[in-house]
Amino acid sequence: MSTQPLVALVGNPNAGKSALFNALTGARQKLGNYPGVTVERKIGRLPLNDGTIVDLVDLPGTYSLNPTSPDEEVTRNVIMGHQAGERMPDALVIVVDAANLENHLRFALELLALGLPTVVALNMVDLATRDGLELDAARLADDLGVPVIPTVAVRRRGLDHLRTELSHVLPLAAIPLRPGHKADDFAALRQEAHRIARRAIMSESPSRRLTGAIDRVALHPVAGMILLLTLLFVMFQGVFSWSELPVAMIEDGLAALEASVVSALPDSVGRDFLVQGVIGGVGAVIVFLPQILILFFFILMLEGTGYMTRAAFLMDGVMARVGLSGRAFIPLLSSFACAVPGIMATRTISDPKDRLTTILIAPLMTCSARLPVYTLIIAAFIPARTVAGGIGLQGLVLFLLYVAGIVGAFVAALLLRRSVTKGGGGGFLMELPKYQMPHLRDMVLGLWQRAAIFLKRAGTIIFVTTMVLWLLLSFPHPPANSDAPAIEYSAAGRIAGLIEPVLRPIGFNREISLALIPAIAAREVAVSALATAYSIDDSRSEDAAARSLTERLAGRWSLPTALAFLAWFVFAPQCISTIAVTRRETNGWRWPLFMIGYLLAAAYVAAGIVFWTARALGL
Amino acid sequence: MRLDQLPHRKPAYVDRIDWACMSPAEGQRLREFGICEGASVELLHRGGWLGGGAVACRVGRMTIAMRAGHAAAITVSMDAAPRQ
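Chains as they are written, first to last, in this note's numbering: chain A, 1 to 619; chain B, 1 to 84.
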């Protein structure tokens with residue numbers, strides 16, 4: 001464990017804590033977990049102006065030291081020195097929102113009563129000024145008895161001053177307690193916060209003109225809902241249309257790489273492995289990086305601007321109908337990126353039954369790992385033309401798949417809340433923060449972290465499963481005089497042959513049966529598995545080399561099979577990571593097993609209905 | 001008058017809160033948001049689409065969202081002077 005001093009960044013939610021953490025530590029961050037709980041531990045190195053290096057830990061935002069959810073409990077435990085896996089902080093940086101001083105000061109006073117060396121960052125002073133507030137930081141410092149530094153984290157203002165003051169307070173063992181301080185008397189703290197805030201405010205005009213003006217539209221029952229649906233629609237269209245150029249560039253790069261490998265190496269098993277297994281398999285997944293980044297870009301924007309909580313507000317009515325709260329909307333929307341952070345985000349839901357239901361339906365939200373599967377099938381089977389109003393048909397189908405996931409999740413929630421997760425009361429209490437423009441640096445850092453996680457998955461779990469699959473698909477070889485597809489002789493083909501009879505009634509062929517097995521490791525592996533299976537299969541024919549996976553599928557699958565495959569993936573049993581995080585969050589195997597069971601059944605039924613309906617319609 | 005019945009954007013003050021209508025955790029969170037007797041409040045928006053839904057109100061300089069049921073537990077008055 002590091003012997004550097006530990007400084008904890010603590011404050012209310014929406015005080016701009018994470019932006020300040022990013023501004024202070026830059027890319028010198030480490031993400032991890034506290035042992036035993038799934039609360040994310042964010043720690044970074046912060047060099048102070050006197051040369052001291054400290055570890056800065058970004059604690060989950062909370063309103064008081066009286067926790068109501070698991071992440072708030074971590075904040076309390078770290079500050080008190082009771083958290084396993086974390087040493088007692090040597091100093092605190094309390095982040096308060098300058099525009100919401102009175103409310104944030106109450107928690108600040110509660111923290112100051114602990115007597116730890118402290119610096120207060122009076123953050124987002126620019127937004128306070130925009131809001132018509134002029135504050136006297138010096139007076140506030142006098143009243144609090146600790147340094148108060150005005151900061152604008154996203155513009156990097158005040159950071160140097162903050163580092164200097166931090167190096168001054170760090171050598172102190174403790175700060176003198178304010179006279180008559182009662183940290184456990186809520187009403188007294190509130191009155192004291194009110195008094196101090198009044199003294200610090202030099203001038204004030206009615207609050208939140210800009211935020212209020214936007215909210216008149218964004219929270220309007222009709223206009224707001226239209227805005228929300230439009231935003232989601234633009235997001236899914238953007239995923240398709242903006243990614244065309246970068247995807248084409250990656251595809252060209254992979255084709256060039258493949259060609260150079262083919263010309264450089266003699267025809268051998270090793271070359272087949274490189275071309276079919278590594279470049280074909282892993283490349284088929286890497287190609288989706290642009291789309292995944294565009295999706296994360298939208299989600300980070302919705303979070304960073306403060307709009308996400310408005311979406312939760314609008315959706316609360318709908319969520320209440322299926323027995324959930326609007327608060328569940330945020331984890332569910334995050335699950336569009338990945339169910340793992342989505343399920344982890346449910347720890348902000350305090351009601352246990354609400355939380356369990358949200359965890360169980362989170363995998364129904366279309367995660368980014370399903371995008372490769374959807375886009376592949378759509379590109380192969382849905383014509384790239386526009387329908388009424390210039391809307392792309394392919395984007396429309398993708399949108400409908402997302403809608404199918406949402407509808408499935410709501411139906412599942414409704415049934416679960418009436419059966420296995422009955423009881424409990426879905427309340428909804430949430431702060432709607434000010435709107436603000438996310439800073440480019442925070443966005444880039446967020447996107448970089450996502451890209452790194454995706455590429456790491458592509459380089460490890462996807463690479464390994466693709467390799468194993470290639471081996472299973474390639475060996476044993478068919479006899480030289482055989483006309484049947486090579487895949488039928490392979491080990492994987494024989495395994496797939498065992499489950500194919502179960503999947504044949506819903507329109508799935510042997511290659512699909514084969515692709516579904518490794519997709520349990522990670523959904524996008526279904527794409528690389530199909531790519532590997534068909535490229536091995538095609539390598540026996542003359543004109544194989546130039547054909548893309550899209551063309552190969554279009555020639556081999558019927559439309560009902562393709563649609564059934566899409567329907568399967570709307571419900572598809574989740575990947576290993578999702579099962580693992582569910583086990584950890586629910587403390588046992590009971591709920592993850594239940595989740596696998598009900599999703600598998602739903603996927604089978606949905607694919608079957610789609611297949612037979614499409615057949616009946618003569619598609 | 002109850003908070004959920006308040007006309008939009010008319011400043012009012014909290015008279016009384018029926019804490020028995022909510023769980024201790026919900027009561028604590030409301031207090032942490034600054035909802036208390038004497039606090040200045042203003043009803044800003046009603047969700048209400050597809051029925052049920054939440055209301056958004058201003059408390060001090062914060063905007064908070066709560067279910068109409070919780071807002072109904074908060075009695076407000078439009079003419080009383082603030083006690084804080």
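It cannot be assumed that every hint is accurate.
If you anchor each label on the Cβ, the simulated ranges turn out as follows [to be verified]:
#  : chain 1 : residue 1 : chain 2 : residue 2 : range
1  : A       : L415      : B       : E37       : 23 to 31 Å
2  : A       : A452      : B       : G38       : 35 to 43 Å
3  : A       : R321      : B       : K10       : 39 to 47 Å
4  : A       : H161      : B       : K10       : 41 to 49 Å
5  : A       : Q29       : B       : G38       : 38 to 46 Å
6  : B       : D79       : A       : V234      : 23 to 31 Å
7  : B       : E37       : A       : R199      : 36 to 44 Å
8  : B       : D79       : A       : L172      : 47 to 55 Å
9  : B       : K10       : A       : L447      : 54 to 62 Å
10 : B       : W19       : A       : D136      : 56 to 64 Å
11 : B       : D79       : A       : H161      : 52 to 60 Å
12 : B       : D79       : A       : G588      : 51 to 59 Å
13 : A       : P13       : B       : W19       : 30 to 38 Å
Derived contacts from chain B toward chain A, CB cut-off under 10 Å, selection only [as the list claims (entries may be wrong)]:
#  : residue
14 : M1
15 : R2
16 : Q5
17 : E26
18 : R31
19 : E32
20 : A56
21 : G60
22 : M62
23 : T63
24 : M66
25 : G69
26 : H70
27 : A72
28 : S77
29 : M78
Note that these hints are calculated values from the structure, not bench results. Cβ atoms here follow ideal geometry from the backbone N, Cα and C, with glycine treated the same way.
Results for each hint:
At about 42 Å, the CB distance of L415 (chain A) to E37 (chain B) disagrees with the hint of 23 to 31 Å. A C-beta distance of roughly 51 Å is found between A452 (chain A) and G38 (chain B), which places it outside the suggested range of 35 to 43 Å. Distance hint check: the CB atoms of R321 (chain A) and K10 (chain B) are about 30 Å apart, inconsistent with the given range 39 to 47 Å. At about 42 Å, the beta-carbon gap between H161 (chain A) and K10 (chain B) stays in the expected band of 41 to 49 Å.
The beta-carbon spacing between Q29 (chain A) and G38 (chain B), approximately 43 Å, falls within the hinted interval of 38 to 46 Å. Between D79 (chain B) and V234 (chain A), the C-beta spacing of about 46 Å breaks the proposed range 23 to 31 Å. Take E37 (chain B) and R199 (chain A): their Cβ atoms lie about 23 Å apart, and the range 36 to 44 Å is violated. As the Cβ distance of D79 (chain B) to L172 (chain A) is approximately 50 Å, the hint placing it in 47 to 55 Å holds.
Taken as a hint, the range 54 to 62 Å is violated for the pair K10 (chain B) and L447 (chain A), whose Cβ atoms sit roughly 44 Å apart. For W19 (chain B) paired with D136 (chain A), a C-beta distance near 36 Å fails the hint of 56 to 64 Å. With their beta carbons about 46 Å apart, D79 (chain B) and H161 (chain A) fall outside the hinted range of 52 to 60 Å. Restraint check, D79 (chain B) to G588 (chain A): a C-beta distance of roughly 56 Å satisfies the suggested window 51 to 59 Å.
Evaluation of the 30 to 38 Å hint for P13 (chain A) and W19 (chain B) yields a failure: the beta carbon distance comes to about 23 Å. Checking M1 (chain B) against chain A: minimum C-beta separation of about 21 Å lies over 10 Å; hint violated. Residue-level restraint check for R2 (chain B) is violated (minimum Cβ-Cβ distance to chain A is 17 Å; threshold 10 Å). Checking Q5 (chain B) against chain A by beta carbon gives a least distance of about 17 Å; that is not within 10 Å, so the hint is violated.
Contact between E26 (chain B) and chain A, as hinted, is supported at the beta carbon level, the nearest pair being about 5 Å apart and thus within 10 Å. Interface restraint check: R31 (chain B) against chain A, minimum CB-CB distance 6 Å, threshold 10 Å, status holds. Look at E32 (chain B): its Cβ gets to within about 4 Å of chain A, closer than 10 Å, so that hint holds up. Hint on A56 (chain B) holds. Least Cβ distance to chain A is approximately 6 Å, under the 10 Å limit.
Proximity of G60 (chain B) to chain A holds as hinted, the smallest CB-CB distance being about 6 Å (cut-off 10 Å). Among the interface hints, the one on M62 (chain B) holds; its C-beta lies about 6 Å from the nearest C-beta in chain A, closer than the 10 Å criterion. For T63 (chain B), the interface hint holds, since its Cβ comes within 10 Å of a Cβ in chain A; the closest pair sits about 4 Å apart. Because the closest C-beta pair between M66 (chain B) and chain A is about 5 Å apart, less than 10 Å, the hint holds.
Checking G69 (chain B) against chain A by beta carbon gives a least distance of about 8 Å; that is within 10 Å, so the hint holds. Contact between H70 (chain B) and chain A, as hinted, is supported at the beta carbon level, the nearest pair being about 7 Å apart and thus within 10 Å. With a least beta-carbon distance of about 13 Å to chain A, the hint placing A72 (chain B) at the interface is violated under the 10 Å criterion. With its C-beta approaching chain A no nearer than about 20 Å, S77 (chain B) sits outside the 10 Å limit, and its interface hint is violated.
At its closest, the beta carbon of M78 (chain B) sits 17 Å from a beta carbon of chain A; the interface hint therefore is violated under the 10 Å criterion.
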